[in-house]
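Engineer: The lines below spell out each chain.
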Amino acid sequence: MSIKVSMTVNGKAVSAEVEERTLLVTYIREELRLTGTHVGCDTAQCGACTVHMNGKAVKSCSMVAMQAQGADIVTIEGIAAADGTLHPMQAAFKENHGLQCGFCTPGMVMNAIDLAKGRPDLSETEIREGLEGNLCRCTGYHNIVKSIAAGAKAMAAK
Amino acid sequence: MNAPLIGARIERKEDYRFLTGAGQYTDDVTLPGQTHAAFVRSPHAHAAIRSINKDKALKAPGVIAVFTGEDLKVGGLPCGWLITDVNGQPMKEPVHPSLAQGKVRHVGDQVAVVIAETQDQAQDAAELLEVDYDVLPAVTDAVKARAKGAPQLHEVAPDNTCYVWAIGDKAAVDAAFSKAAHVTKLDLVNNRLIPNAIEPRAVNGMYSRADDSYTLYVASQNPHVERLLMTAFVLGLPEHKVRVVAPDVGGGFGSKIYLYAEDVVVTWASKQINRPVKWTAERSESFMSDAHGRDHVTTAELAMDKDGKFLGLRVKTTANVGAYLSTFASCVPTILYATLLAGQYTTPVIHCEVTAVFTNTVPVDAYRGAGRPEATYVVERIVEQAAREMKLDPAEIRRRNFIKTFPYQTPVALMYDTGDYEATLSAAIEMAGVSGFAGRKKESEARGKLRGLGYAAYIEACGIAPSNIAGALGARAGLFEAGEVRMHPTGSCTVFTGSHSHGQGHETTFAQVVADRLGLPIENVDIVHGDTSKILFGMGTYGSRSIAVGGTAIYKALDKIIAKGKKIAAHLMEAAETDIEYDRGVFKVAGTDKQKTIGEVSFAAYVPHNYPLDKLEPGLNENAFYDPTNFTFPAGTYICEVEIDPETGVTKIERFTAVDDFGKIINPMIVEGQVHGGLTQGIGQALLEGCKYDQESGQLITGSYMDYCMPRATDVPMYQLETRETPCTHNPLGVKGCGEAGAIGAPAALMNAITDALQPYGINDLPMPASPQTVWKTIQNAKQKKAA
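If you read the sequences in order, they're chains A and B.
Residue numbers are given in the working numbering: position 27 of the first sequence equals residue 27, and the series is strictly consecutive.
Residue numbers are given in the working numbering: position 338 of the second sequence equals residue 338, and the series is strictly consecutive.
Derived from the structure by calculation, the hints contain no laboratory data.
Backbone N, C-alpha and C fix where the C-beta goes; we use that ideal spot for every residue, glycine too.
Be aware that one or more of the hints could be misleading.
[Said to hold, decoys possible] Mimicking DSS-like on lysine-lysine, the simulated pairs with C-alpha atoms at most 25 Å apart in a straight line are:
(1) B:Lys652 with A:Lys146
(2) B:Lys185 with B:Lys271
(3) B:Lys391 with B:Lys309
(4) B:Lys564 with B:Lys615
(5) B:Lys170 with B:Lys103
(6) B:Lys664 with A:Lys94
(7) B:Lys441 with B:Lys306
(8) B:Lys692 with B:Lys664
(9) A:Lys153 with B:Lys13
(10) A:Lys94 with B:Lys316
(11) B:Lys556 with B:Lys652
(12) B:Lys185 with B:Lys144
(13) B:Lys179 with B:Lys316
(14) B:Lys13 with A:Lys146
(15) B:Lys442 with B:Lys404
[To be verified] Part of the chain A face toward chain B, derived, beta carbon under 7 Å:
(16) Thr8
(17) Gln45
(18) Phe93
(19) Leu99
(20) Leu135
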């Protein structure tokens, strides 16, 4: 059975008829063609699908689209400024080589922004624990930890 | 002219698209008329297929087609390396079908494909396919698979044996052991791993009736190899009618080298239904269909004189190759393994025998390090154990046996060109604060904890490979690389490489090499990879070969650009070609102030109004194929310090120090990132990861992230890294490669540290992964043994 869903995605009002079982991530990727949000597993473990819903990081693979009815969704495509300037967290990942293949990166950045909000002095332990729900197979997390620490400071300074 | 770019920490050119969600991975590609595939896989480890009934699946909503092995009778998936056994016979190569032909041999073996309008419809219909199986006994352990009465996988491979292969002088090794003052013996298991690139494998195939051609988007580390294998060996298609695009690829670690069944099926099916067909693995499919890694059972013996000088090494390994031979499966436990058993040492004689065995498990192939982590694990574990038995400091026993003069011919076929093992060892000792270890150990003991320190002085053979040597050893392909440098009329430059970047940052590193040599701003140099329609040829990226082989091919193409540029510049400046000097983008007439930039020369080449057209073609575009003359030999020392809580078995990595010699380094930031990632995979192998099968049923127990323990941010420390540099002697960049080192050296360093910490219990070995449960149990067993 299909159902109508409406929400705001990256500041734009969108609505569509979707099947009840359609996952939020499927709606974002297939219907809206915002393919920056990735799917890396089927058990809500890897975090590659992380988006913001009403300002909080959520895993878009573990909710159906209709759970986001009326919500304000932001994906990785909606993070940089309109003129293309990177968000301080994105810039910190670039400056600290916090990404390699780029596949886990959107989820990492979305989670990191939520984690760092109002916490400019995140400790290494807090960052590592905050990354519990995000897997990266390339970086060994070393530079991701550095990126988030720098990004948290840069976000506060902005 | 630019500041030098070689050795500079340049931020990556590729990052902007990845950070803004603009990367394009295979699953992001949706083609007009797109359909979706779901594979029906065997739920059994070993079974005969009695019958398949498609009726219900075909009637399901949105279903376009269902194909089984009856429909797809094509050549088997090929193995790219022929190993010849001890009796001079070729290895056993059972057919590796793309869709099962009457039998399934591992959980996840592909039986059928269902193609539908949507992914959900394809998956729903796949569950409606009725397959009647006659379940057979299964065997997943390689040693058990060779035992009498074990279930047999393939008629052509009696005793499930693929080959028994050996290297080295057995008689000389036996003689060395008879003279030995001491022999150290160790039984080791190198645990099976599942690669787990975070991007699951994906493929999207399209057939065009207009010109009878195919386009295949695929998450691959080597699109040209994929095309060659698929067209020539499986589907029999004309190579020039197939375009393979490997766009952004989300990590490989070896698992995306191979030609997989799904790639073949999707390509073939796109013509049958005349619509594009896309398949993206679910993670659970990755676990049961991506080639696994490692899985060795080894007995090693090291003969020494009274001073701990190595006299000979004897190694016997049983390697599990899984149910079928994957693309490079046969060379991993042989050519890429046994040839590294000299390590950094002058061991004069070595003999290694390897038995490769078929089992009811996912095929095993190269995974980050591929054979070299297994070799390093054997050598560095037994050397550390020898030090304990000889009551020698682990650094001292290594120093007594280090190779010090180069080039050095090992007894296992390799010729090391250069290295300085003392330099990396002493730097690591300094950086790891080894002198303060005793104090830290005491402090741990005061808190009831155990502290251990472990070394691994690894070596690897990278820059794979001289084609003639590889060919003589059984490779069925060349292992050169191709590069093309295209100057544009306005002075910018596009470079095409047969290497493939799936996280390594080639778009930056290779651009640094080119921009530095051509004196161009790095933003004026673009690196193009991963598309057979754009790149002349390529053998792809694996074995830490990209900069050493792919980078050198580009360098050779630059030589040609500069040589032609000199002719053009000589004409423009009315000078003799022999008087033209070139330095980073500037052609000068020697002894004068006359000069032309590469941009001016390039413009003249494309607007040849004032140009020697009678002697020279217009344009400035050159390509080169580079076949290396030797392997490269990155080496280094890793030191790991752990603290273990004997009450819980929890191991905490207190410090991890890595000092590597990668030769010349183009971008230290990127190299560090490669080491961080490699170390984490190595630590994963030693502490967390281990693929487990149920011995009775052959079911894959570790089939999801809920069961297979991936390293997370809380599992690993901040690493301490340094490098030392002995430039490679046989490529112009002096580079050796850095992609696998971490995964090669880390497991031995970590397990040496753990066994060092457990010395009070007399524990010299425990299986990887050394999970808290394993460590705790090992301690309890040792305590009971002591009490008894």
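Engineer: Between the alpha carbons of Lys652 (chain B) and Lys146 (chain A), is the straight-line distance 25 Å or under?
Structural biologist: holds, 21 Å
Engineer: Does the alpha-carbon distance linking Lys179 (chain B) and Lys316 (chain B) stay inside the 25 Å limit?
Structural biologist: Given that 25 Å is the threshold and the Cα spacing comes to 20 Å, the pair holds.
Engineer: Hey, Lys564 (chain B) versus Lys615 (chain B), does the alpha-carbon distance stay inside 25 Å?
Structural biologist: holds, 11 Å
Engineer: With 7 Å as the cut and Cβ atoms as the points, is Phe93 (chain A) at the interface with chain B?
Structural biologist: This hint holds: Phe93 (chain A) lies near chain B, its Cβ roughly 6 Å from the closest one there, short of 7 Å.
Engineer: Tell me if the straight-line CA distance from Lys13 (chain B) to Lys146 (chain A) falls inside 25 Å.
Structural biologist: OK: Lys13 (chain B) and Lys146 (chain A) at ~20 Å, within 25 Å.
Engineer: Taking only the CA atoms, is the gap from Lys170 (chain B) to Lys103 (chain B) under or equal to 25 Å?
Structural biologist: Violated, at about 40 Å.
Engineer: Would you mind confirming whether the straight-line C-alpha gap from Lys664 (chain B) to Lys94 (chain A) stays at or under 25 Å?
Structural biologist: holds, 24 Å
Engineer: So if I understand the rule, the pair passes when the alpha-carbon distance is 25 Å or less; does Lys391 (chain B) with Lys309 (chain B) pass?
Structural biologist: Holds, at about 13 Å.
Engineer: For the pair supplied as a hint, Lys185 (chain B) and Lys144 (chain B), confirm whether the alpha-carbon distance does not exceed 25 Å.
Structural biologist: holds, 22 Å
Engineer: Measure nothing beyond the straight line between the CA atoms of Lys556 (chain B) and Lys652 (chain B); if it is 25 Å or shorter, mark the hint as holding.
Structural biologist: violated, 47 Å
Engineer: A closest beta-carbon separation below 7 Å is what the hint needs, so does Leu99 (chain A) meet it against chain B?
Structural biologist: holds, 6 Å
Engineer: Can the restraint linking Lys185 (chain B) and Lys271 (chain B) be considered satisfied, given a maximum Cα separation of 25 Å?
Structural biologist: Violated: Lys185 (chain B) and Lys271 (chain B) sit about 57 Å apart, past 25 Å.
Hint violations for this structure: numbers 2, 5, 7, 8, 10, 11, 15, 16, all remaining hints satisfied.
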